[in-house]
Amino acid sequence: MSESNFTRFVEVGRVVLLKSGPQTGHIAVIVEIIDHNRAIIDGPTTGVPRQAFPYRHLALTPLVVAKLPRAAGSGIVKKFLEKAGTVEKWESTAWAKKRAATEKRRTLTDFERFQVIIHKKARRDKVRKVLKAARA
Amino acid sequence: MARKELAPGVGRLSRSQAYARRQLYKGKKTGTAPAAPETAPTKEVQVGGDKNGASRLVPTSKAPRFYPAEDVRKPKQSRKAAKPTQLRDSIAPGSVLILLAGRFRGKRVVFLKQLESGLLLVTGPYKVNGVPLRRVNQAYVIATSTKIPLGSDFKVDPKINDAYFAKSEKKRSRSAEEEFFADGKPKEKEAFPESKAADQKEVDKAVLAAVKSTELLAKYLKSSWGLSKGEYPHQLKF
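So the protein lines, in turn, are chains B and A. The first sequence stops at residue 136 when you use my numbering, and every number in between is there. The second sequence stops at residue 238 when you use my numbering, and every number in between is there.
To be clear, the hints were calculated from the coordinates, so they are not data collected in a lab. Bear in mind that the values here come from a model prediction, so they are computed numbers and not experimental data.
Straight-line C-alpha distance at most 27 Å; calculated BS3-like pairs for lysine-lysine:
| # | chain 1 | residue 1 | chain 2 | residue 2 |
| --- | --- | --- | --- | --- |
| 1 | B | Lys104 | A | Lys237 |
| 2 | A | Lys113 | A | Lys147 |
| 3 | A | Lys222 | B | Lys121 |
| 4 | A | Lys237 | A | Lys222 |
| 5 | A | Lys229 | B | Lys98 |
| 6 | B | Lys129 | A | Lys219 |
| 7 | B | Lys19 | A | Lys237 |
| 8 | A | Lys189 | A | Lys127 |
| 9 | B | Lys121 | A | Lys219 |
| 10 | A | Lys219 | B | Lys126 |
| 11 | B | Lys67 | B | Lys19 |
| 12 | A | Lys237 | B | Lys120 |
| 13 | A | Lys113 | A | Lys196 |
| 14 | A | Lys219 | B | Lys104 |
| 15 | A | Lys219 | B | Lys120 |
| 16 | A | Lys222 | B | Lys126 |
| 17 | B | Lys126 | A | Lys212 |
| 18 | A | Lys222 | A | Lys205 |
| 19 | B | Lys19 | B | Lys98 |
| 20 | A | Lys237 | B | Lys97 |
| 21 | B | Lys89 | B | Lys67 |
| 22 | B | Lys121 | A | Lys212 |
| 23 | A | Lys237 | B | Lys98 |
| 24 | A | Lys147 | B | Lys120 |
| 25 | B | Lys120 | A | Lys212 |
| 26 | B | Lys121 | A | Lys147 |
| 27 | B | Lys104 | A | Lys147 |
| 28 | B | Lys104 | A | Lys222 |
| 29 | B | Lys83 | B | Lys19 |
| 30 | A | Lys159 | A | Lys201 |
| 31 | B | Lys104 | A | Lys229 |
| 32 | B | Lys120 | A | Lys229 |
| 33 | B | Lys97 | A | Lys229 |
| 34 | A | Lys127 | B | Lys121 |
| 35 | A | Lys222 | B | Lys120 |
| 36 | B | Lys121 | A | Lys237 |
| 37 | A | Lys229 | B | Lys121 |
Turn these sequences into a full structure, and let the hints guide you.
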């Protein structure tokens with residue numbers, strides 16, 4: 001029982017990403033487990049109201065808020081989140097950064113899309129020049 | 001809201017509501033139609049020729065010389081009045097537009113003003129992408145959110161209006177012989193009028209200065225717009 005292929009568990013303190021509903025894309029913390037389908041989640045610092053949420057619409061992240069007491073109230077959860085700096089840790093993960101990048105890409109205007117093309121060309125050009133010089 | 005009846009025989013407005021709506025409290029109108037100008041039934045017309053008598057009495061309005069065999073239906077009179085096209089909120093002087101149809105389709109141009117006919121006056125500027133002062137229909141244009149800082153007091157010369165763009169009179173048609181010999185040779189073109197070239201330069205002066213102020217904007221206006229794989233207009237933000 002010591003070695004398990006599973007590392008991300010549904011547990012009190014697990015940071016989850018909401019995949020549907022009005023707060024899609026926000027993170028919250030599992031505060032209490034109701035049954036095999038639902039848990040109570042709460043995200044006082046990320047704008048997620050305390051509510052029962054099905055696991056179907058949650059994505060488990062590798063982050064955990066350690067030692068969070070079971071069924072803690074929103075105030076306690078907020079204190080723990082701020083102490084652990086969970087939201088900052090999340091924003092600095094590659095997962096969160098990728099999400100932010102795709103979101104930004106969708107909101108680019110025509111001129112911004114043009115600027116991306118120019119910058120990509122310039123970067124490509126520099127890289128190739130350096131590579132050529134290194135090969136020579 | 002029912003337009004006419006709530007149920008057969010039950011109108012939308014009550015008796016008093018209808019009274020108020022028709023403003024009958026003001027009293028019924030008792031005016032007379034203005035008297036039609038008096039015209040004599042016959043008029044005197046001078047007739048030429050010796051034996052025809054000098055003048056003749058001719059009825060002012062002639063009876064029709066043709067009556068259709070059956071009664072012809074008169075078309076109903078339309079009560080619609082054409083209004084000038086409303087300018088989209090997203091379009092303002094200095095906006096960059098993408099032309100979707102016509103000779104310059106795919107070009108990004110600068111919007112100057114809306115003309116009286118409702119068409120949009122745009123310019124390349126000419127030096128940047130070859131689009132001259134031109135009229136363009138709002139329906140064939142994508143308005144981008146990019147705006148060129150023209151300044152709040154930017155004004156186009158009022159002489160550039162719809163009449164400015166009217167086509168010149170066509171030349172006389174050539175004789176069959178001339179056409180036969182001219183067939184196959186390049187058509188003669190009139191040289192572009194100097195005044196129009198000067199007007200273009202004048203208008204473009206302010207626009208070009210503003211374009212040069214922003215980085216990459218000139219390159220942007222030079223390039224063409226197009227959809228590539230995976231790009232869908234309803235998902236793009238302009």
